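Q: From first to last, the protein sequence lines stand for chains A and B.
In terms of the UniProt record's numbering, the numbers along the first sequence are unbroken and rise by one, the last being 88.
In terms of the UniProt record's numbering, the numbers along the second sequence are unbroken and rise by one, the last being 156.
Just so you know, these hints were derived from the structure itself, not from any lab.
A portion of the hints provided could be inaccurate.
[Claimed, not checked] Not close to chain A: a few residues of chain B, all C-beta gaps over 12 Å, as computed:
#1 Lys80
#2 Val86
#3 Gln99
#4 Thr100
#5 Ala149
[Said to hold, decoys possible] Each pair of labels, with its calculated beta carbon distance range:
#6 Arg31/A / Tyr68/B: 26 to 34 Å
#7 Gln20/A / Lys151/B: 17 to 25 Å
#8 Pro37/A / Ser101/B: 35 to 43 Å
#9 Pro73/B / Asp63/A: 50 to 58 Å
[To be verified] Some chain B residues flagged as far from chain A (calculated, every beta-carbon gap over 12 Å):
#10 Leu76
#11 Arg82
#12 Tyr85
#13 Tyr155
Owing to the predicted nature of the structure, the values given are computational and were not obtained by experimental measurement.
The C-beta atom is built at its ideal place from N, Cα and C for all residues, glycine as well.
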Amino acid sequence: MTVSRLPSAALSLKQFLHRQNVLGIYRNILRTIRRVPDEADRKFLRDWAREEFHRNKNVTHEDAIRMMITQASNHLAELQKSLALAHS
Amino acid sequence: MAARVLQQCVRSFAQPSLRLCSSNLALRVTAVQAVAVHRPLSFAADSRRTRWLVQSRIPSVGVLCRQYGDLPPLTLETIKERVMYVLKLYDKINPEKLQTSSHFMKDLGLDSLDQVEIIMAMEDEFGFEIPDAEAEKLMTPEEIVQYIADKKDVYE
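Only chain A is shown next, with the shape it has when bound in the complex (with noise of 0.2 Å):
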């Protein structure tokens, strides 16, 4: 039997991918909306997903955080067609 000898507070792998996707995906989103054209659409966005994302940031069900990743990829997928959109 094995001794881990990480300390308590660690995060378990799962969870710390989670982690690196969640911190990934917001990025990725905030650097998305820097290519809105509009300054206060830029601002109701950002606030939008600071929002979301704190709102859910205690989450510790593992289903639940994948389904907030898919829905968030999702969000950013669309916001990205759309800017496509625009600018074509």
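Based on the hints, put chain B in the right spot on chain A.
A: Just chain B now, kept in the frame of chain A:
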């Protein structure tokens, strides 16, 4: 007034087909530097008179010196000031408690989402992208300054 005289002296310097002998010009330039304020009119008249003698068009100084456009050079001091300024504008940070060595998570009580926002703000301020892997390691203003100085080749 003295500046205009100096400019005219430099212009006459720049002329390739100038008939002034170099010693005369050197004398005039040093004399201008020494007696700067006192006799500007005579020197101006002098150089104008000699310009009448030479009939070619007077090029401006810009012909012999190149001019490029660029941002002002970065120094460690200016980078630090800008980083601290951006951090003070961030609404979740208390400006009084902010120092260059304050850790975002341990001292200022921010979380990783806030840290992502802060690094985004730094990207906006300095105009270049910071990749994810390196961005998540920057946890104090001092580290951010060091990273930017590394990337922009600023050293002292």
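Q: Going through the numbered hints above, which ones does this structure break? Give me the numbers in ascending order.
A: none
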